[in-house]
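Participant: The whole structure should be built from the sequences, with the hints applied where relevant.
Okay, here's what each chain looks like letter by letter:
Number of protein chains: 2
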Amino acid sequence: MLKIPPHQVAGHQAGNGKLGPLVDESGRFYKPLQGDERGSNELKFYTSFSSNSRILEHISKFFPTFYGTQLIEASDGSGLKPHLVLEDLSVGRVNPSIVDIKIGSRTWAPEASEEYIQKCLKKDRETSSLPLGFRLSGIQIYGNRESGYWKPERTSMQNLPAEEVKLILKKFVSSNTSTDMDLQPDCAFAATVYGGSTGILSQLLEMKAWFEDQTMYHFYSCSILIMFEKGLALEGQNPGGQIKLIDFAHVIEGRGVIDHNFLGSLCSLIKFISEILTDPNEHKSLVSSVNGVN
Amino acid sequence: MLKIPPHQVAGHQAGNGKLGPLVDESGRFYKPLQGDERGSNELKFYTSFSSNSRILEHISKFFPTFYGTQLIEASDGSGLKPHLVLEDLSVGRVNPSIVDIKIGSRTWAPEASEEYIQKCLKKDRETSSLPLGFRLSGIQIYGNRESGYWKPERTSMQNLPAEEVKLILKKFVSSNTSTDMDLQPDCAFAATVYGGSTGILSQLLEMKAWFEDQTMYHFYSCSILIMFEKGLALEGQNPGGQIKLIDFAHVIEGRGVIDHNFLGSLCSLIKFISEILTDPNEHKSLVSSVNGVN
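Residue numbers (the working numbering), protein chains in the order written: chain Y, -17 to 276; chain F, -17 to 276.
Derived by calculation from the structure, the hints in this document are not laboratory data. Treat the hints with care, as some may be off.
Unchecked claim - A short list of chain F residues far from chain Y (calculated; beta carbon distances all over 12 angstroms):
| # | residue |
| --- | --- |
| 1 | 2 |
| 2 | 32 |
| 3 | 43 |
| 4 | 88 |
| 5 | 112 |
| 6 | 113 |
| 7 | 137 |
| 8 | 147 |
| 9 | 162 |
| 10 | 174 |
| 11 | 213 |
| 12 | 227 |
| 13 | 239 |
| 14 | 244 |
| 15 | 246 |
Stated by the list, open to error - Not the full set, but computed from the structure, chain F residues with beta-carbon under 8 angstroms of chain Y:
| # | residue |
| --- | --- |
| 16 | -6 |
| 17 | 105 |
| 18 | 115 |
| 19 | 237 |
Cβ atoms here follow ideal geometry from the backbone N, Cα and C, with glycine treated the same way.
Facilitator: Right, here's the structure in full:
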């Protein structure tokens, strides 16, 4: 029985007769193959990557498992359509907090069409991609059983200045419920989600080490998903913080050069997360000292 | 007594009645303040940087020392003009090999004028800046006393594919004289110039660590100079490998974000140098095995 993924925060979404991904109960995610070269390019990437013997497990774990392609009934009722069959990343998660971060101050490859380059360049300049190296493409933060999720408009997240982005990444790991997101974030779970030897920062640094070395692929317009379970964090258990790379319609061959565009931007994200870990109450103490409370 | 710098490989050059930098015998380098905002911006950067107490010696050593400004007779005979007074980086060098590498796949700041952005974007796309993250802006390689320097046309260096750039960076540390630069480079001095605890790679990694952390400045259109003395290397002495950052007319404030554009590109250069150190004869052995020599 196929259904609409309950925890998608960005990208094309099924529902209301639209074409979008579907999931089944066995843990598979069906992504419609886009009809143009984006579809064939993403299939080409998954095929190459999943059979690449130089990709070791400590790196492949950051990517959705690929199970080939399959013809299934498309979500828009247009009949049988080819879909990529991927791992459903939300399997096993109850109430995941998720942020989708599109990486790269440049989302276009040098050999893209002029029309596509101009479209991307305009968007990169209008969003935080150019100044920060990435933009928030979508987010959902679990509050608690009563308040459910805080899920702001996707477009409102894309063009935030550095301080606002940092505030969102603090809210992401705070105990605030979805109804008091306006309050100062307490960063209650920063250490357990972002920190620690298996936390988000460690995973980002592991990914960074690979990007400093690998010259096989350049990842344009990909996203890093960051996920964890606040419910577990609230119970004092390991919140299962995890990063995954998704969306490979614009991956090209690296031709012996590292992906400097992705790497620099990844380092920018790492700096944001590191600063939150080092000084979670930086802003709070600033407010306090301005008010003379300290 | 002011004279034209003997070892300038890129940028505006004095001589033939043109405006360019001059040096004196006390080790100072006089750079004409460009009349437009480039001049005032570079002066603003040097003033800020040289008085910034957060810049420690292990980083400031990568920058030319700044001695203020001075009115001196311009090289084009136009009379007294304001010049930046800087450290002459070639002081103490006899026959330096020098390469000027313009860093960044993007050489324009987000807030530059539309006209300037379009001009830079065009050049970045036409040169190796976009694919490699940097372009070779100029080079001189010392051969020996008889053959002097190999100093190819600057424009011929800017748009080389990855393999050609690597070849140049190998020639840079080879014992080939300037008349046999067409021969396979032997990378005789790779280990002593690029390698070692005080070599070029170590210095680049020290600079990289700073760029992963600092959010004060974004360096657009700057160059890294790499210099050493082949004469010393030939005598088995320490060749004095050194990197310096130059050209700050397009530096802007970092505003709490790392310089992801510079950092990613710096990592790309580091990867080139690392590969040469790891496998200096990579290309040679490929040729040999194709010829059945191995």
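Participant: For every hint, state whether the structure bears it out.
Facilitator: Hints versus structure:
| no. | hint | result |
| --- | --- | --- |
| 1 | 2 | holds, 32 angstroms |
| 2 | 32 | holds, 25 angstroms |
| 3 | 43 | holds, 23 angstroms |
| 4 | 88 | violated, 7 angstroms |
| 5 | 112 | violated, 5 angstroms |
| 6 | 113 | violated, 6 angstroms |
| 7 | 137 | holds, 20 angstroms |
| 8 | 147 | violated, 9 angstroms |
| 9 | 162 | holds, 26 angstroms |
| 10 | 174 | holds, 24 angstroms |
| 11 | 213 | holds, 33 angstroms |
| 12 | 227 | holds, 17 angstroms |
| 13 | 239 | violated, 5 angstroms |
| 14 | 244 | violated, 8 angstroms |
| 15 | 246 | violated, 3 angstroms |
| 16 | -6 | violated, 28 angstroms |
| 17 | 105 | violated, 13 angstroms |
| 18 | 115 | holds, 4 angstroms |
| 19 | 237 | holds, 6 angstroms |
Hints 4, 5, 6, 8, 13, 14, 15, 16 and 17 from the earlier list are contradicted by this structure; the remaining hints agree with it.
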